[in-house]
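Protein chains: 2
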Amino acid sequence: MAKMRASGKKSVSIKDVAKLAGVSVSSVSRYLNGGSNVSPVSQKKIAQAIETLNYRPSALARALVREINPAIAVVTINSSQLGPTQMLGGIESRARERGASITISVPETDRREDILNSLHMAADQNPLGIIFMYPDMVDENISDFFPLEGPYVMVTGQQTMGAHEVSLCDQEGGEIITRYLLSLGHKTVYHVAVPVRLEYNRRLQGWRKALENTGSYIPDPIICGWDPEDAREIGRRLALNDDVTAVFAGNDELAIGLISGLRDMGKRVPDDVSVAGFDDHPLSGFWDPGLTTIHQEFIRAGRESVDLLLRQIPQYQEDVNSVVAGESGEETGVSKKSLDIHGKLVIRNSTGAPHKEK
Amino acid sequence: MAKMRASGKKSVSIKDVAKLAGVSVSSVSRYLNGGSNVSPVSQKKIAQAIETLNYRPSALARALVREINPAIAVVTINSSQLGPTQMLGGIESRARERGASITISVPETDRREDILNSLHMAADQNPLGIIFMYPDMVDENISDFFPLEGPYVMVTGQQTMGAHEVSLCDQEGGEIITRYLLSLGHKTVYHVAVPVRLEYNRRLQGWRKALENTGSYIPDPIICGWDPEDAREIGRRLALNDDVTAVFAGNDELAIGLISGLRDMGKRVPDDVSVAGFDDHPLSGFWDPGLTTIHQEFIRAGRESVDLLLRQIPQYQEDVNSVVAGESGEETGVSKKSLDIHGKLVIRNSTGAPHKEK
DNA sequence: CTGAAAGCGCTTACAG
DNA sequence: CTGAAAGCGCTTACAG
Chain L
1 MAKMRASGKK SVSIKDVAKL AGVSVSSVSR YLNGGSNVSP VSQKKIAQAI
51 ETLNYRPSAL ARALVREINP AIAVVTINSS QLGPTQMLGG IESRARERGA
101 SITISVPETD RREDILNSLH MAADQNPLGI IFMYPDMVDE NISDFFPLEG
151 PYVMVTGQQT MGAHEVSLCD QEGGEIITRY LLSLGHKTVY HVAVPVRLEY
201 NRRLQGWRKA LENTGSYIPD PIICGWDPED AREIGRRLAL NDDVTAVFAG
251 NDELAIGLIS GLRDMGKRVP DDVSVAGFDD HPLSGFWDPG LTTIHQEFIR
301 AGRESVDLLL RQIPQYQEDV NSVVAGESGE ETGVSKKSLD IHGKLVIRNS
351 TGAPHKEK
Chain P
1 MAKMRASGKK SVSIKDVAKL AGVSVSSVSR YLNGGSNVSP VSQKKIAQAI
51 ETLNYRPSAL ARALVREINP AIAVVTINSS QLGPTQMLGG IESRARERGA
101 SITISVPETD RREDILNSLH MAADQNPLGI IFMYPDMVDE NISDFFPLEG
151 PYVMVTGQQT MGAHEVSLCD QEGGEIITRY LLSLGHKTVY HVAVPVRLEY
201 NRRLQGWRKA LENTGSYIPD PIICGWDPED AREIGRRLAL NDDVTAVFAG
251 NDELAIGLIS GLRDMGKRVP DDVSVAGFDD HPLSGFWDPG LTTIHQEFIR
301 AGRESVDLLL RQIPQYQEDV NSVVAGESGE ETGVSKKSLD IHGKLVIRNS
351 TGAPHKEK
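As they're listed, the protein sequences go chains L and P. Per UniProt numbering, the first sequence starts with residue 1, numbered consecutively. Per UniProt numbering, the second sequence starts with residue 1, numbered consecutively.
If you are wondering where the hints come from, they were derived from the structure by calculation, not from laboratory data. Misleading hints may appear alongside valid ones.
Any copy will do: because identical chains look the same in the list, a pair fits if it lies in one copy or spans two.
As the list claims (entries may be wrong) - Restricting the straight-line Cα-Cα distance to at most 20 angstroms, the calculated cross-link-like pairs of lysine to aspartate or glutamate (EDC-like) are: (1) K209 <-> E199; (2) K15 <-> D124; (3) K336 <-> D242; (4) K15 <-> E149; (5) K44 <-> D264; (6) K15 <-> E297; (7) K187 <-> E108; (8) K44 <-> E297; (9) K19 <-> E51; (10) K187 <-> D271; (11) K337 <-> E297; (12) K344 <-> E172; (13) K209 <-> E172.
Predicted model, so just to flag it, every value in this text is computed and none were measured.
Kindly generate the complete structure, drawing on both the sequences and the hints.
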């Protein structure tokens, strides 16, 4: 009856409890699930048996028989970036509140097969559903990934499917910050882009759109790696070009690297060149100069994605509706099935009017 | 046969495959587990049935019957901090390499009951084992948490149990950086501490030890929150005291906040006061001035903790040993059951000799 | 090489 | 209120 675990230790099962308590397994099970239809006497005995045996029901067995595993599987690429990290925190806290556990899997690479593999591994656990972060960073059509059965939610830079999606409105953010820079008097704005396929780089698209709409000169975007060191190198190069008076970097880390590179070459920020970032990294306000950026509500995005997911599951629906009405009603997008989370411009000191001609 | 999922979609089971392929469930199972003792003809038929039904075995059922769930449960407090984040990344990548999935749970608060609850939830999944990050940040005796059955590994600031433990050697690091500051000529070093119980604040203990051993004046440590804004406030206060020429902050974010506060009051770093951090945050080198700090190998700590855990499990032991000999042999501590990971002093520009008297 | 049977730890009708 | 039975989706001896 007492089985071995991987560790070699014995594990106690419901049978052990039943035997010790002198009741049937059914009764123990009933006791475990609310205690209805179990006599007070039995309850005492069972409680005691559980206590002395230190019994805990197997979540695995339960999930199997109930055909519902109260776990949310999150698959994410770029897991070490700020966005995914903060979103994971949000997912975790909201999942805990709603009684779900978290499973995470990050694909080995960005290739389709690896992602599909992660998605499948996630699905094999028979989770409540899958939260897929940044599918749009992948060089594939997003919907290709979802012949997968079961509920899911994607967190994307921009609405692409119109359902089961939390969008961070990256394009809008890119546009806003570029416009802001232009409004300061800059002739144009250069862009140092995060390494994401151009078709899915919404921040870049917003930047381009702002330039187009204002009839500004559109320089080639400069593709950067994730490492701020790459941005630093780019900053050194950009410092050589006096036409560069304003740069929008794809994220704050890159902006910081960029500023270092600019300074390496004697440029002052923002006096000689204005630099803006994206995300509002927790340290952005402490930088010298403080970084002008777009604040992204990543934690909230994570939390909302949990609610969006659970909303698809009958057993979890009732208490979700109250949440919908309460917290996120105002911003609900296309339908209750998707959500736009808008970034907010945060103006600090890394940006300013262009240097007057000497 | 085809059951409903939480989503309401049908799920295909091994029975469906067996029926469609016209073989027994046993044969399908054998096919799934290596294909030995299955005739080529059957293999074809089974393969085809799986293909057309898009069948995937239930990880849950497998885990139940095999009595081993290839998942590692990680429970962590302070999950949004740099260390835990990077370690999680390391755990994740190493777990993937070794064929294990990851479950994470973070206690709602630091209180014993919440932590115990997380630990239990983790154990209920019957995972391969539990990796517990920073149990020593908790106001409890660590070993109290482990009447839990099953394999586990703790990642701590300092060896406390002597087994199943990856230590980051925080005390040593605190000592090294304090000594470095003293070697620069500072009379003493102030400490802005992370909000961790004093008994378990190894960085602080290292700092104190260095001061004691050199007979330096030992100022009261200044307890700070996790928010760099708190450190900024402290920096402003410290700026008022001209005796403060060197400060060691409990981590880099705090050091950055501190520098901001010092500057708010007109102090120059390092000319007026030297500031050192801890961790070697990815942005530390880009700060102006670059932060002198202790580099911590968090990612490696995460990876090693996976190996340490798997080493306790018979089914995973063979290929671990090669790893032991290969990668981490040199640094193996007390035994193969625990490991010290030493931080490294990184000298940048935020520290220097004390200001000469004017 | 193959299938029927028993069992993993639990839950859920079903009869008392 | 209670227990015996069937079943969740799989695997693993056990007989052929």
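(request) State whether the alpha carbon distance between K337 and E297 is at most 20 angstroms within one copy, between copies, both, or neither. (result) within (19 angstroms within a copy, 42 angstroms between copies)
(message) One pair to classify: K209 and E172, alpha carbons no more than 20 angstroms apart. Within, between, both, or neither?
(response) within (9 angstroms within a copy, 53 angstroms between copies)
(request) Can you give me the call for K336 and D242, within, between, both or neither, at a CA distance of at most 20 angstroms? (result) neither (49 angstroms within a copy, 59 angstroms between copies)
(message) Regarding K15 and E149, is the shortest C-alpha distance of 20 angstroms or less found within a copy, between copies, in both, or in neither?
(response) between (35 angstroms within a copy, 19 angstroms between copies)
(request) Have a look at K187 and E108 and pick one of within, between, both or neither, based on CA distance no larger than 20 angstroms. (result) neither (42 angstroms within a copy, 50 angstroms between copies)
(request) Can you give me the call for K15 and D124, within, between, both or neither, at a CA distance of at most 20 angstroms? (result) Classified as between; 17 angstroms across copies, 28 angstroms inside a copy.
(message) For K44 and E297, with the copy left unspecified, which applies at a CA distance of at most 20 angstroms: within, between, both, or neither?
(response) neither (49 angstroms within a copy, 51 angstroms between copies)
(request) Tell me, please, which holds for K344 and E172 at an alpha-carbon limit of 20 angstroms: within, between, both or neither? (result) Only inside one copy: K344 and E172 sit 10 angstroms apart there, 43 angstroms across copies, limit 20 angstroms.
(message) With identical chains, the pair K209 and E199 could be close in the same copy or across copies; at 20 angstroms between alpha carbons, which is it: within, between, both, or neither?
(response) Classified as within; 13 angstroms inside a copy, 56 angstroms across copies.
(request) Go through the copies and call it for K187 and D271: within, between, both or neither, with a Cα cutoff of 20 angstroms. (result) Intra 15 angstroms, inter 39 angstroms, cutoff 20 angstroms: intra-copy only.
(request) State whether the alpha carbon distance between K19 and E51 is at most 20 angstroms within one copy, between copies, both, or neither. (result) within (14 angstroms within a copy, 45 angstroms between copies)
(request) With 20 angstroms as the alpha-carbon cut-off, assign the pair K15 and E297 to within, between, both or neither. (result) neither (48 angstroms within a copy, 46 angstroms between copies)
Of the numbered hints listed earlier, those contradicted by the structure are 3, 5, 6, 7, 8.
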